[in-house]
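J.: Residues per chain are reported as follows:
Number of protein chains: 2
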Amino acid sequence: MNLPRGFRYSATFAGIRKVMKDDLALIVSDTRAVASAVFTQNRVVAGPVEVARKNVRAARGRMRGILVNAGNANCATRTSLQVAMETSRAAAKAIGAKSEEVLPASTGVIGVELDARLILDALPGLVAGLSPDRFEDAARAIMTTDLTMKTAYAQVKSARIAGMTKGSGMIHPRMATTLAFVTTDAVMAPEALRTALKRACEKTFNRISVDGDTSTNDTLAVLANGASGVRPPVTVFEAALTEVLESLAKQIVKDGEGAKKLVTIDVEGATSERAAEKIARSIANSPLVKTAIAGSDPNWGRILSAAGNAGIAFDPRRVDIDFQGVAVCREGVAADFSEEELKKKLDEPECSVKFTIRGRGRGRARFWTCDFTEQYIRINASYRT
Amino acid sequence: MNLPRGFRYSATFAGIRKVMKDDLALIVSDTRAVASAVFTQNRVVAGPVEVARKNVRAARGRMRGILVNAGNANCATRTSLQVAMETSRAAAKAIGAKSEEVLPASTGVIGVELDARLILDALPGLVAGLSPDRFEDAARAIMTTDLTMKTAYAQVKSARIAGMTKGSGMIHPRMATTLAFVTTDAVMAPEALRTALKRACEKTFNRISVDGDTSTNDTLAVLANGASGVRPPVTVFEAALTEVLESLAKQIVKDGEGAKKLVTIDVEGATSERAAEKIARSIANSPLVKTAIAGSDPNWGRILSAAGNAGIAFDPRRVDIDFQGVAVCREGVAADFSEEELKKKLDEPECSVKFTIRGRGRGRARFWTCDFTEQYIRINASYRT
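Each protein sequence line maps, in turn, to chains V and F.
Following our numbering, the numbering of the first sequence begins with 1 at its first residue and continues without gaps.
Following our numbering, the numbering of the second sequence begins with 1 at its first residue and continues without gaps.
There may be inaccurate statements among the hints.
No copy is singled out in the list; a pair is fine if it fits within one copy or between any two copies.
Computed cross-link-like contacts, DSS-like style, restricted to lysine-lysine with a CA-CA straight-line distance of at most 27 angstroms [stated by the list, open to error]:
1. Lys343 with Lys18
2. Lys250 with Lys198
3. Lys54 with Lys157
4. Lys203 with Lys18
5. Lys354 with Lys18
6. Lys18 with Lys344
7. Lys198 with Lys157
8. Lys157 with Lys18
9. Lys203 with Lys21
10. Lys93 with Lys198
11. Lys344 with Lys203
12. Lys203 with Lys343
13. Lys254 with Lys157
14. Lys93 with Lys254
15. Lys250 with Lys345
Because the hints were derived from the structure by calculation, they are not lab data.
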């Protein structure tokens, strides 16, 4: 794995989470990097998200680093903003950057005060530990209920892209956050990076769902420091970035709370991409579809009904549905298929749903979700301890 | 229990469902009754819903009866429309009504052909069995995975209202339907009945959720035959109808698949009733909130985050949350409360969430949902047999 040049990473245990496992990570670019980020659309926004937005603006999109903690979302508390400001400023100072050049991010329980002192005390050790090789240490430090570390890599000519993410659901039991950070040594103009991120995110992180919610802390940030000297065409960079983000997004869904199966949903023939996406999202968020898949039940009527709830007009008599590659519905009514055989196929760890509207519509969208198992309930109903 | 005068009811086993339990019901008004009905907003609409809409229009809102079967939704099949038309017409003939004067409704599995012959053969016995006393027989015949029969009654002066419903979720495992039928002997003008139904439904059946979906067959119909000779003021009738529908709607939520707790959500201080309703709906549909309640977890951060996902602008710093009567959040941050004591209170079979936005907003809404348990998954993941 070839990491982008000119970046260093570190992680440490600051005492924020209750188990003794790294909970604080720092990502540093040796020089100012062109930065672009997208944030949660929830109306309730954590302090670090507000500060991150403000900092990126104040630094005119040129950032030196990212400071991220797990174990506490630093959200809906009295000191939320102040803690995010104070700790990101201290981190900036410790790496010799301007105070607004570090982007803060947090993940963990909502509504519990985060003690800034824990982070401030850990900073010297964190900075001392910075190393070009510790990408995976940082990726592990941001995990919460994740069962697996989630990283992805790509190359554009000799420029490199490395991404890490955390999340075991769009929402977490007590750890309500999806975070993702991408470093690249490609030379990217700010506007080009913003466009590439927005477009890549739209087709990847905005197309996954574990339980249909958006957290208060979601943050996806890219730092491009240009250290490779390679200036790839924007479309080429966007394709590579999309590849990295798609891999990360799918890793989140695969590790969805209680999930046993990755489900890919393709919608075709809608009047627009937006319409296709809405139908796909409605299928992906239907508890009935997701429980049917958990039970390997070829219940295509639930898929049709969920699509009908998307708020998008279509003629059900022109709908074809393929479930795990098997034609189950043609022109809105049952196709001739063996339920027993399909049931067996649905026991596989990956599952596909294809929803096609016959006609001239060119709108298509792909969406990923996971099945919905008893384990999800078990994880989320447990009392916080 | 005083039933409205001038109605008769019947139920029989027609062989539509696999277990030998009544699956066909008939409701008949001795004279033409003013009829009003609301139907599913799903884009995929079952044949009986299309025919019901058409018949009510063709009969200019004067109907003689309702024919309803359980065990098959008569939806997404080749013969759906034809079966609904043929059977409702035959029922009309059998009771001496015009062919469009019977409203058909179905509930059950989607995508499986319904054999009209089963219903046609059962009709003579069904009609012979009509009796003013068999209201509950009909209410039992429309049950699917329901654990309890659901009826409610009210009186306006000497006019009576009787309602029945079925549903164990807005969606069902294989029985994707909520149905509700109300008879009354009040004298009601068509327009007044329509208005009362619409307004009552908006605050009751449109304010419940088990899993956030809408089925392909949902039907709620009221027949007012005027047999009491009492013409109540519209507002008085609307209040009584609302009382009946609220009782029925809450019975559905209480009997929600796998549910152990009835949850009442009140939102106050929003900019409009519509905004309040959207926030309440978002809280009610959040799997995280519902699993927390199943686990008696006083996790109010999930309530705040779910509210933030409603797409309604509000200032989180002006939000108060009361959970089971306990102040858990004041002005967007944690209030001082005992988690252990609240946890015990949350073990009760009814649970309340109050979400208040401080300020001058007058928008308020009440919403009902149930908790989300492992049993829900177990019911819905089981292979259709």
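J.: If a hint holds in the structure, say so; if it does not, say that too.
T.: Hints, verified against the model:
1. For the identical chains of this complex, Lys343 and Lys18 are inter-copy neighbours only, at 21 angstroms across copies versus 43 angstroms inside a copy, given an alpha-carbon limit of 27 angstroms.
2. Taking the shortest Cα distances, Lys250 and Lys198 sit within 27 angstroms of each other inside one copy (18 angstroms), while across copies they are farther apart (44 angstroms).
3. For the identical chains of this complex, Lys54 and Lys157 are neighbours neither inside a copy (34 angstroms) nor across copies (64 angstroms), given an alpha-carbon limit of 27 angstroms.
4. In this assembly of identical chains, Lys203 and Lys18 lie within 27 angstroms of each other by CA distance neither inside one copy nor across copies; the values are 36 angstroms within and 45 angstroms between.
5. For a Cα distance limit of 27 angstroms, the shortest separation of Lys354 from Lys18 qualifies neither inside one copy, at 44 angstroms, nor across copies, at 31 angstroms.
6. With identical chains, the CA atoms of Lys18 and Lys344 are at most 27 angstroms apart between copies only, with a shortest distance of 24 angstroms across copies and 42 angstroms within one.
7. Only within a single protomer do Lys198 and Lys157 lie at most 27 angstroms apart by alpha-carbon distance; the minimum there is 22 angstroms, versus 63 angstroms between protomers.
8. For the identical chains of this complex, Lys157 and Lys18 are neighbours neither inside a copy (43 angstroms) nor across copies (64 angstroms), given an alpha-carbon limit of 27 angstroms.
9. In this homomeric assembly, Lys203 and Lys21 never come within 27 angstroms of each other (Cα to Cα): the closest approach is 33 angstroms inside a single copy and 50 angstroms across copies.
10. Within a single copy, Lys93 and Lys198 get their C-alpha atoms no closer than 30 angstroms, and across copies no closer than 62 angstroms, so neither meets the 27 angstroms cut-off.
11. When the C-alpha separation of Lys344 and Lys203 is checked against a cutoff of 27 angstroms, the pair qualifies neither within a copy, at 31 angstroms, nor between copies, at 44 angstroms.
12. Taking the shortest alpha-carbon separations for Lys203 and Lys343, neither the intra-copy value of 30 angstroms nor the inter-copy value of 41 angstroms comes in at or below 27 angstroms.
13. In this assembly of identical chains, Lys254 and Lys157 lie within 27 angstroms of each other by CA distance neither inside one copy nor across copies; the values are 30 angstroms within and 61 angstroms between.
14. When the C-alpha separation of Lys93 and Lys254 is checked against a cutoff of 27 angstroms, the pair qualifies neither within a copy, at 38 angstroms, nor between copies, at 57 angstroms.
15. Taking CA atoms no more than 27 angstroms apart as the test, Lys250 paired with Lys345 passes inside one copy only; the shortest distance there is 21 angstroms, against 40 angstroms between copies.
When the structure is compared with the earlier hints, violations turn up for hints 3, 4, 5, 8, 9, 10, 11, 12, 13, 14 and for no others.
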